Amino acid sequence: MPDELVNLTIDGVPLSVPKGTLVIEAAKQAGVLVPHYCYHPGLPVAGLCRMCLVDIEKAPKLQIACATQVAEGMVVRTQSPQAKSGRMGVLELLLINHPLDCPICDQAGECELQDFTFQEGRPATRYSPDYAKRFNPVEDFGPDVLYVPNRCILCTRCVRFMEDVAKEPVLNVSERGDRAYIGIHSEGRLDHPWAGNVVDLCPVGSLLSKDFLHKARAWELDKAASICTGCSQGCNVTLDTRENVVVRVRPRSNLQVNRYFICDHGRMNYRWMNRGDRIEAPLVRRGSELHVTDWDEAFDVVASRLRGAGGKAVALVSPKVSTEALYFARELFRGLEWSGAFQVVMGEEAPLAGVPNLALRAERAPNGRGAELLGYSRDYAAALAAAETASVVLLLDEPDIAVRTAGALIYVGTMLPERARDAQAVLPIANVAEEEGTFVNRDGRVQRYFQAKSAPGMARPAWWVFSELVATLGGSSGHVGTAAEAFDRLAASVDGFRGLSYAQLGFAGAVAPAAGVPA
Amino acid sequence: MSVSTHPTPQPGTEEYEPVFVGKTLEQLSEILTRYPTRQAALLPALWLVQEARGWISDRNMAEVGEVLGLTPAYVKGVVTFYTMYHQHPVGRHFVQVCTTSPCNICGAEAVVKALLDATGAKELGATSPDGKWTVIEVECLGACGFATPVLVNDDFIESVTPDKVAELVKRYK
Amino acid sequence: MGYPHKPHAKETVLLSKHFGEADARTYKGWVKRGGYEMLAQALTMEPVRVIDVVKESGLRGRGGAGFPTGLKWSFMPKEKKKPHYLCVNADESEPGTFKDREIMRWTPHALLEGSAIAAHAIQAEVVYIYIRGEFTEPWAVMERALAEATAAGVFGAIKIHLHRGAGAYICGEETALMNSIEGKRGNPRIKPPFPAAAGVFGMPTTINNVETLAAVPLILKKGAAWYKGLSLASPKSTGTKLFSVCGHVQKPGNYEVTMGFPLKDLLYDLCGGIPPGRTLKACIPGGSSVPILNREETESCLLDYEGVVEKGSMLGSGGVIVFDDSTDMVYQIMRLARFYAHESCAQCTQCREGTAWTTKILERILSGQGKTADLDLLLDLADNMTGKTICVLSDSCAAPVVSGIKKFKQEFEDYIAGRRKPVMVA
Chain V
6 MPDELVNLTI DGVPLSVPKG TLVIEAAKQA GVLVPHYCYH PGLPVAGLCR
56 MCLVDIEKAP KLQIACATQV AEGMVVRTQS PQAKSGRMGV LELLLINHPL
106 DCPICDQAGE CELQDFTFQE GRPATRYSPD YAKRFNPVED FGPDVLYVPN
156 RCILCTRCVR FMEDVAKEPV LNVSERGDRA YIGIHSEGRL DHPWAGNVVD
206 LCPVGSLLSK DFLHKARAWE LDKAASICTG CSQGCNVTLD TRENVVVRVR
256 PRSNLQVNRY FICDHGRMNY RWMNRGDRIE APLVRRGSEL HVTDWDEAFD
306 VVASRLRGAG GKAVALVSPK VSTEALYFAR ELFRGLEWSG AFQVVMGEEA
356 PLAGVPNLAL RAERAPNGRG AELLGYSRDY AAALAAAETA SVVLLLDEPD
406 IAVRTAGALI YVGTMLPERA RDAQAVLPIA NVAEEEGTFV NRDGRVQRYF
456 QAKSAPGMAR PAWWVFSELV ATLGGSSGHV GTAAEAFDRL AASVDGFRGL
506 SYAQLGFAGA VAPAAGVPA
Chain E
-16 MSVSTHPTPQ PGTEEYEPVF VGKTLEQLSE ILTRYPTRQA ALLPALWLVQ
34 EARGWISDRN MAEVGEVLGL TPAYVKGVVT FYTMYHQHPV GRHFVQVCTT
84 SPCNICGAEA VVKALLDATG AKELGATSPD GKWTVIEVEC LGACGFATPV
134 LVNDDFIESV TPDKVAELVK RYK
Chain P
7 MGYPHKPHAK ETVLLSKHFG EADARTYKGW VKRGGYEMLA QALTMEPVRV
57 IDVVKESGLR GRGGAGFPTG LKWSFMPKEK KKPHYLCVNA DESEPGTFKD
107 REIMRWTPHA LLEGSAIAAH AIQAEVVYIY IRGEFTEPWA VMERALAEAT
157 AAGVFGAIKI HLHRGAGAYI CGEETALMNS IEGKRGNPRI KPPFPAAAGV
207 FGMPTTINNV ETLAAVPLIL KKGAAWYKGL SLASPKSTGT KLFSVCGHVQ
257 KPGNYEVTMG FPLKDLLYDL CGGIPPGRTL KACIPGGSSV PILNREETES
307 CLLDYEGVVE KGSMLGSGGV IVFDDSTDMV YQIMRLARFY AHESCAQCTQ
357 CREGTAWTTK ILERILSGQG KTADLDLLLD LADNMTGKTI CVLSDSCAAP
407 VVSGIKKFKQ EFEDYIAGRR KPVMVA
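Chains as they are written, first to last, in this note's numbering: chain V, 6 to 524; chain E, -16 to 156; chain P, 7 to 432.
Every clue listed holds true.
Chain E regions said to be covered by chain P (calculated; three or more residues, Cβ under 8 angstroms):
| # | stretch |
| --- | --- |
| 1 | 24 to 38 |
| 2 | 67 to 80 |
| 3 | 135 to 149 |
Below, in silico cross-link-like pairs of lysine to aspartate or glutamate (EDC-like), each with a Cα-Cα straight-line distance of 16 angstroms or less:
| # | chain 1 | residue 1 | chain 2 | residue 2 |
| --- | --- | --- | --- | --- |
| 4 | V | 89 | P | 386 |
| 5 | P | 165 | E | 13 |
| 6 | E | 153 | E | 113 |
| 7 | P | 190 | V | 180 |
| 8 | P | 413 | P | 302 |
| 9 | P | 227 | P | 62 |
| 10 | P | 257 | E | 141 |
| 11 | V | 215 | V | 196 |
| 12 | V | 66 | P | 401 |
| 13 | V | 89 | P | 389 |
| 14 | P | 427 | P | 369 |
| 15 | E | 153 | E | 138 |
| 16 | P | 190 | V | 169 |
| 17 | V | 228 | V | 248 |
| 18 | V | 33 | V | 16 |
| 19 | V | 66 | P | 389 |
| 20 | P | 377 | V | 135 |
| 21 | P | 413 | P | 334 |
Hints were generated in silico from the structure; no laboratory data involved. Fair warning: this is a prediction, and the values are worked out from it, not measured in the lab. Heads up, the beta-carbon is just placed ideally off N, CA and C, and yes, glycines get one too.
Start from the sequences and build out the full structure, keeping to the hints where you can.
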């Protein structure tokens, strides 16, 4: 049953939008961004910053676009002299007590106060130096959040997030008038598992992440879309890198998965992506030692091991590895008695109470579901037992597993653990920030992640390593050149993914047909 | 950047004496029957605390929160909004003098000065050395025709002029 | 406790008939004076009939907005699906206004009776009377009166509760009042939704002023036509109004006159005029949130909703503040701006920052450091603060500034040019 549509015009652009749409949202469809602060699609409407003032024909006064619903025949002008003057007035008033902190403020370059002031603010101030600006000292709100009251524009996004989305009102507005500031009770701390979102929500540099403090300038950052590897929720994130180092993780909006938010566990979970102690070249055993070699020789050595092997092959894989890699790793053992398993570190679940089906999940890995769909088992003990008598054991990016085997151990991973020194071959792979691939979240949604930085040395994506091995072994399909090809091969042959295509996944992903709960 | 940190909560050195016990709790229970939500009893509950203790501490706010199912931060946000709630101890006699324009043009500022002198409080908002008096200026008290009105705790005294101040102060022990 | 004056011959004494009679505050005393008869009658009428009578009478909100009361009541759902509420606005904090206080401390039962009749008309089971925290005496009187009347059973199924405010002028704004009752910060709400659709606790609610409700029993008793007939000028303004006159008059106090009464007579006759040796300089006719009238406008102004608008101001709450020629208009406008800056709830940018900046500019002018550009700046600020916020506190701060600069520009210029000695330190 389609929504009733309403026809209106915004800045001359005719639109047809569902009844009940807010003017500020309808404007986006006309390509118009109405300047705003307190409004956020993930929060209840407050209508208090007054920044989104627009001219609506037949209305006697300017109206706020964030709280006005579309009406049939409505004519909205965001650029009328009256509307622009009203918004310029708001900007001027926001700036009178706002310190000239841009040179030392983390938000510079991604600051909405800067942006809208540049766009339609007053070129010079009529306030300073005649009057002293309001001053309050910086406050430490808790584990990661600093509050700089001087920069606060009292949009109350943070208060509303904690109250209505996190459902833990630990922030308030204190005092009245121009003495107001964001307060926290002396017995309170901002340690909610999702509290870090207030830093993203803050339009200015008032709420800051201690982790990111003074670390990099916004304009120095490269951004890549990725998927959080912290748990099986599959929150969409953006990895910010500076000179090939991941320096920050921010949420990317996906209305089907995490809406606009990520939890603090995922937010802080990126330092491992920058570890320097990586395997940078393929290693093969010659005698009692591992020797550095090139990919060609490495593939030859591994292929020969596999050709000669009869009997059992056991694959112990990490649930943090891409679906494509897991697929080709399985293909590698066609013809052998194969068993594959994975295990997942578990933790405490921490839901975001105000959003349905969103939590830091107990399963602390991004691709357990993907592994399951590809036939990997969760019975790790059985696999470990089987490994002891297997002829080939593949250990995929699991540095902490103590494997005992009489057969050949092939280690494929990012770091070189002690026990891998027993391996016949060690193949270096890229981590999630260094390649393209997919994960399948707990709801069966297949989501793409993109490359944010380059892999060290000769490390390559795991799907490439395995697909090359398959090709070397004479597999029918030939070489796979791109992540897209890798996925499309997978979708063509695995029931759970049939019908999906890489192109179709886009930035929001798609639910694997046989796999899961339609979102 | 200088940073002020919130004190990490420590076990209280003195035992906290709850406000909502006995008769006060009974009063609150009766008040709760007047509203469909517990939250609506917040302003009345805060008045009960101030009547009992003379002011509302952070710990009191936490207790009110527990009793009504609200976070301490939420309660604090409400307390700091309403200027009649004291967030720190004040003199035994809390004096509020209206100085908004209608009283202002009838000499309210002179009344303030006279009170600051007569009580020994000397400065607005300060408590006199003997702990008896705190004097503040407030906005319109709704008695403009009887300038200048003065509230001493709950006593609403009309038509105060500087010459009546000495006598007024004497009335309070 | 001050006693009201003896009624002046030119007053139309209806609401204030029993001011000063201690006995009238008791239940028995009020019944002796005919009290609660109209409530009993109203309870036998269909609610919609009661609304009709009040609509016909032309009674308009006496808190400041002047909205037709019967019309407001008719916005409530006719079909009762959810709990309905009546909130009584006894938060009287508009500078210059002190009439509701008198009604509550002298004729509490008039308010209670009017509230109960209104509750019946809008099908509300619960009434909250929101009394500002500083009104300790009205609170005590109302508490006693409420207990007596409730015990006597006059309210039937209607429950009336008193709710104490705690020092916030903004809680006199109807949606902020509702938030305050709900146990929240007294922030005004964006509209829609309107109170009649979703008010206190999200339920259909009507908010009425004390003086408005106190008139209801009289209207029911003497009839709508009678009330409508009480009108000296504009037929759209009916009944009597308690005007709170304060400032530079000989006999400040509350005076009850028929709508359309000349302001000149109120000041010079009823109030005994300006103190000797002084002349009238300015007057704010409706509480500090309305534009200031100069002498000429004051002396030709008729006191009804239309008459004051004609002079460029508003009847508002009827708080008449009188300034004689000894007044430093710049200082008083600064003091009013400071009032609004103190009371701003902090939601809207224009109000939160604008009221404080306006105050600062005026303080600088008064400290001898004002600049010519400051006047244009004040007017520009006032324009930004008008018609762009959730509630009208911001507009209210702008009103005295704009009218003050327009009509008393010389005084501002004298400070700026250094012709007048600074009265403040920067």
